[in-house]
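Participant: Chains as they are written, first to last, in the numbering used here: chain A, 1 to 211; chain B, 1 to 211.
Treat the hints with caution; some may be incorrect.
No copy labels: a pair is met if it fits in one copy or bridges any two.
Straight-line alpha carbon distances no greater than 30 Å define the calculated DSSO-like cross-link-like pairs of lysine-lysine that follow [stated by the list, open to error]:
#, residue 1, residue 2
1, K63, K39
2, K63, K109
3, K39, K64
4, K39, K109
Calculated directly from the structure, the hints in this document are not laboratory data.
Residues per chain, in single letters:
Protein chains: 2
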Amino acid sequence: MTNLPEPHRRTGRRPGSPNTRARILECARARFARTSYDKVSVRAVADDAGVDAALVHHYFGTKKELFVASIELPVDPAQILTPIREAPIDGMGAILAGLVLPVWESPGKHAVVALFRSAMAGDDVDLVRNFFLEVVLREIAPRVDEPTGTGSLRTQLVVSQMLGLLTTRHVLELDPLDRVPVDGLIDVIAPTLQRYLTGPLPDSVLRSAKD
Amino acid sequence: MTNLPEPHRRTGRRPGSPNTRARILECARARFARTSYDKVSVRAVADDAGVDAALVHHYFGTKKELFVASIELPVDPAQILTPIREAPIDGMGAILAGLVLPVWESPGKHAVVALFRSAMAGDDVDLVRNFFLEVVLREIAPRVDEPTGTGSLRTQLVVSQMLGLLTTRHVLELDPLDRVPVDGLIDVIAPTLQRYLTGPLPDSVLRSAKD
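One chain only, chain A, in its complex shape (with noise of 0.2 Å):
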């Protein structure tokens, strides 16, 4: 740990060459998303970096911290929740597939599939879980609670089918739905969202949406 910058733990700055940084981080991405969080050292992400693991410590600290920088969500959550928000409820399905959907695409992909990979192996299923009912299902529930208590519920079934195409396309990579271009692939899942968001549900799940 000799001739490094003052280490971040005393300072709060995370001094050193952004370039370096930058690399450490996609390193550690990349490892998060194709191995479960147990299996990832922090000396392997060094490696790949062609950096000290040391160094790697310096910047980001305990590997749980590295691995919450390393999923950072890979777009401003203002650029999908402000056209949410404006959205006509009519055309939410395929407003929501065509913001969510490219997120997905290189080279935002690496960072949402090690977190839903971590969260599926156990270890930050509160994380994810927490992320959809605090901020997705905030947003959007009270905007399709029609009728009254369903919102929630119409949410999660959008969430659903997210989930269902991020794990078919870029986790099991099942061929050809993951050689499918993504304008399609929008396209498709829009019609689903929109029944959803705003189609009719079944008696017996109104009822259990409202209790």
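We have chain A; now place chain B onto it with these hints.
Facilitator: Relative to the frame of chain A, chain B by itself:
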């Protein structure tokens, strides 16, 4: 390992109390369903079942072999594949949803969730991919291959909605989605599956599906 019945490695048989075996298997399923593969120890499963770890090894061999035993499909595949083979194309969405979704409810849920989580963690991606490509697609794709060449993509879209539901309902356990009665959920999902199986596909998707 003294005083145990003869080990299955020598004989291929697995003697012993059926109740003990079943209890070990049930405990293993539960462990593998809520933790990543790496974090499950044979000792912990043995503790849960109230037996010695040596007995678990005796019955099932290695941890991997125990895992494979624990992820056995909770239903005879013929129970699902035979009705699908005989289903009219126009009603296949509802029939598929009606056959698959109930399997995920207890007690079959543990086995399916365990396998899915393990795959998402990276340990069994190939196992799950092969299951879908070799078993599911082989049965369904030829029946919905209209226009020619689209059967695989149509089936994978169905898989995407199914896996997304598994994720949100049984892994993330989003509320209220995890409280909806399964019959209601079948009604909600069936039209989505039917549209993927037999509905129109945009030109850009048709091109890539047939490549």
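Participant: Taking the hints in turn, state whether each one holds.
Facilitator: Here is how each hint holds up against the structure:
1. K63 with K39: Answer is both: 11 Å inside a copy and 18 Å across each meet the 30 Å cutoff.
2. K63 with K109: Classified as within; 21 Å inside a copy, 33 Å across copies.
3. K39 with K64: Classified as both; 13 Å inside a copy, 17 Å across copies.
4. K39 with K109: The answer is both: 20 Å in one copy and 27 Å across copies each meet 30 Å.
The structure shown violates none of the earlier numbered hints.
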